[in-house]
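These protein sequence lines map, in sequence, to chains R and D. Under the numbering used here, think of the first position of the first sequence as 1, with each following residue one higher. Under the numbering used here, think of the first position of the second sequence as 1, with each following residue one higher.
Hints listed in this document are in silico derivations from the structure and should not be mistaken for laboratory results. Careful: at least some of the hints might be erroneous.
Copies of the same chain look alike in the list, so a pair counts if it fits in one copy or across any two.
To be verified - Taking lysine-lysine pairs in the BS3-like style, the calculated list, with each CA pair at most 30 angstroms apart, reads: (1) K19 x K456; (2) K392 x K19; (3) K221 x K19; (4) K19 x K99.
2 protein chains.
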Amino acid sequence: MTAFGIRGTFLDFIDDPWKHVGREKDAARFLVDGLLVVEDGRIADFGTYDGVAARHAGLAVTTIRDRLILPGFIDGHIHFPQTRVIGAFGEHLLPWLQKWIFPEEIKYKDRAYARDGARRFFDNLLASGTTTCQAFTTSSPVATEELFDEAGRRDVRLIAGLTGIDRLAPPDYVDSADNFYRDSKRLIERYHRRGRNLYAITPRFALGASPDLLAACERLKREHPDCWVNTHISETVDECRGVQDAYPDSGDYLAVYERYGLVGPKFSGGHGVWLSDGEFRRMSESGAAVVFCPCSNLFLGSGLFRIGQATDPRHRVRMALGSDVGGGNRFSMLNVLDDAYKVGMVNNGTVAEPAEAERNRISPYRGFWSITLGAAEALYLDEMIGNFAPGKEADLVVLDWKGGPLAQSWRQSLVVDEAGPSTLEQAADLLFGLMMVGDDRAIDETWVMGRRLFKKM
Amino acid sequence: MTAFGIRGTFLDFIDDPWKHVGREKDAARFLVDGLLVVEDGRIADFGTYDGVAARHAGLAVTTIRDRLILPGFIDGHIHFPQTRVIGAFGEHLLPWLQKWIFPEEIKYKDRAYARDGARRFFDNLLASGTTTCQAFTTSSPVATEELFDEAGRRDVRLIAGLTGIDRLAPPDYVDSADNFYRDSKRLIERYHRRGRNLYAITPRFALGASPDLLAACERLKREHPDCWVNTHISETVDECRGVQDAYPDSGDYLAVYERYGLVGPKFSGGHGVWLSDGEFRRMSESGAAVVFCPCSNLFLGSGLFRIGQATDPRHRVRMALGSDVGGGNRFSMLNVLDDAYKVGMVNNGTVAEPAEAERNRISPYRGFWSITLGAAEALYLDEMIGNFAPGKEADLVVLDWKGGPLAQSWRQSLVVDEAGPSTLEQAADLLFGLMMVGDDRAIDETWVMGRRLFKKM
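Pulled out of the complex, with its shape left as it was, chain R reads as follows (with noise of 0.2 angstroms):
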């Protein structure tokens, strides 16, 4: 592929927002008039269009007007088998479990059906400007193939892996610990860092988990170090009773995963609402990741994650935010973040100490970074994405700031007008008027590796 060149308003981030309380938007990168490189998926250069331009002699351009270039978004948690099945009636998670979602993953067994979903799966992400997913599949290895021969052919970066459940399902869902070794390890030779595909070792949730199938992770991960792993923890007070009595011995949940060797880098624990002070703290040392998935958090019922503690600059915990389709009512990105900043909001109705509930407000800095740069950062994948940084591969979404219901283009026009935002503020507050009023009609192109995969009819 020749390089070729894309003109347009960009935003991205550098750093950490929370790390610049006060003064969020040096952790943000504004270019008016910008030029991004691509060659070979890649982004080859980045910066203003004038000083790019010049070392381009020649350079194909595509000018993109009146929007808000963004790298990709990233959903640090989702279940591909629940696309059909989200936004399910009446139940907390371990109920909703039996009632809706077991029996909609068992379809996933046939590789037909799975094939469908998962090109769904995929059309819904890219409609919602999300290019780039850590994914919970069934513990039929044959919806694990589908969803990985479908990322490799839109050639989307993916973190997903056969999700092992050996209790607490019906009959016919669960598998034995040592058929998910044995699947896992042919999985794992198959897929991993096959293409952008990446394999990671997945206990659905330790209740689900027998010490052997733990044990069965544990083995996998020492022989598959280079693997990431995948998992839940403490999403429900009911779930983390169950917890205790499985495993009386652990003295919380998160040792649970530690008794197997899981936790460090590339570990993600999706949800976290109930980890304490001193699990949090842990997992900051280990590098672990949580998943903030707010959306799911407040559908089924779950609690309030504390996001003032586990961005405690004395334990920041790396963290991703995550759809959690079909506990997360909504594939969009977008909404999440309406969901998240809620959560963060009803939080300050009890917090004490101001700096925490400073740290629970979620701007738009640090909104848009967690689904961006942060998310790369807490999954280990920031040196692939996250960014504009030249030699990162070349995944955005292209956002229209009035995209939305009806409402949205008035409310914008307090920040804006028709000449769009010349300021990195002017941009903050467009991205906020897209997180809180917009949805996923803000979406007008997402582009992976190059290409552009959606527009927006």
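Given chain R's structure and the hints, the job is docking chain D onto it.
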């Protein structure tokens, strides 16, 4: 206007689903093939197509296919002059008013701005399927006049009133109790029961109202007992504390309004997040209504409304739902139901009594009743609107159950095939999909007084 018919699939309510625990569908009515006869803007007849058509030979009939037709939605609490400042960053109620809201509302002293705002306001409502609202205006009569005039031009049923505040706002925003009394009188004469306009005596909230202002409200209500009373109550902890300081002789927040003779039928208190059991009981006995505004309560971090308490049969409070734009970040009552469901589910993480937990669940029956007949009953409008009973005004919304983000259509295909719903249960499940996965994109048409005022493009 000669009579005409609308043929399609109808769903409305004839009772309160909270009265039918375990058999909520007994509160609803579903006609797969129904016919609604409209004459002079009112419902002249309604029932199965075969039954009704036989009574109206030669009737011109519009057939609406592949849609669910519901009564128009009712928004019980919204601020018309906050349309543009929707989704403003970072503050809880009291600082948010000072920083974002008053500066915008002051602009509505200008008639041209207010007229443009009123036009946009109704455009947003109708695009969201909302055919009636109870609205706050500003302290300026200009804004109130423009709102009523615009409602009159569209023939939309509206409750509104000059919004009195004589302290706790910028000097150029507050107005005196005397002016409020005089202007309110004039506006009542000019607008109350003119066309579909209804007047609400509207003290903004107790904290912003001096005893003189509340005394003026009392006098207005005594002189115009047919008028509504609309205000805020117990929205945030800080506000409740402030009211206690301002009215130390009143035992609680409700008691302030009681003392001035405002609490009773046609009284609405918006929010009520922090109402005590005793206040719920007194509201119940008096026939007053609370308006639950979940988007706003989350967005401003005000707290979690105790749905299960308000709906306790021992002291059932009339309840409507409100978008509370701009404290709420979405105009669509579908989005309001999304957040209402989440508030109920999060409440259930802490509620001990199973019956209360059950009442906290916003099923589709409870949700859609709450924004149609339930709201009409709460606001004492149920002789005019709320369901398809003959004699009522023909306000209706035509819902596309596939409307929303891409994920919606596959989700709904789990419930029905292309033929659409044939049972009430299926229709209710589609409606749950609309409230949790859908949004204003599901609004295909909005009809007001038998005229179609909105058609999705």
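* Can you tell me if K19 and K456 fall within 30 angstroms by alpha carbon in one copy, between copies, both or neither? -> neither (35 angstroms within a copy, 45 angstroms between copies)
* Asked: When no copy is specified for K19 and K99, does a C-alpha distance of 30 angstroms or less occur within a copy, between copies, both, or neither?
  -> between (43 angstroms within a copy, 26 angstroms between copies)
* Asked: Taking 30 angstroms as the upper bound on the Cα-Cα distance, should K221 and K19 be classified as within, between, both, or neither?
  -> Answer is neither; intra-copy 32 angstroms and inter-copy 55 angstroms both fail.
* Same-copy or cross-copy closeness of K392 to K19 [CA-CA at most 30 angstroms] -> within (23 angstroms within a copy, 59 angstroms between copies)
This entry does not satisfy hints 1 and 3, going by the numbered hints stated previously.
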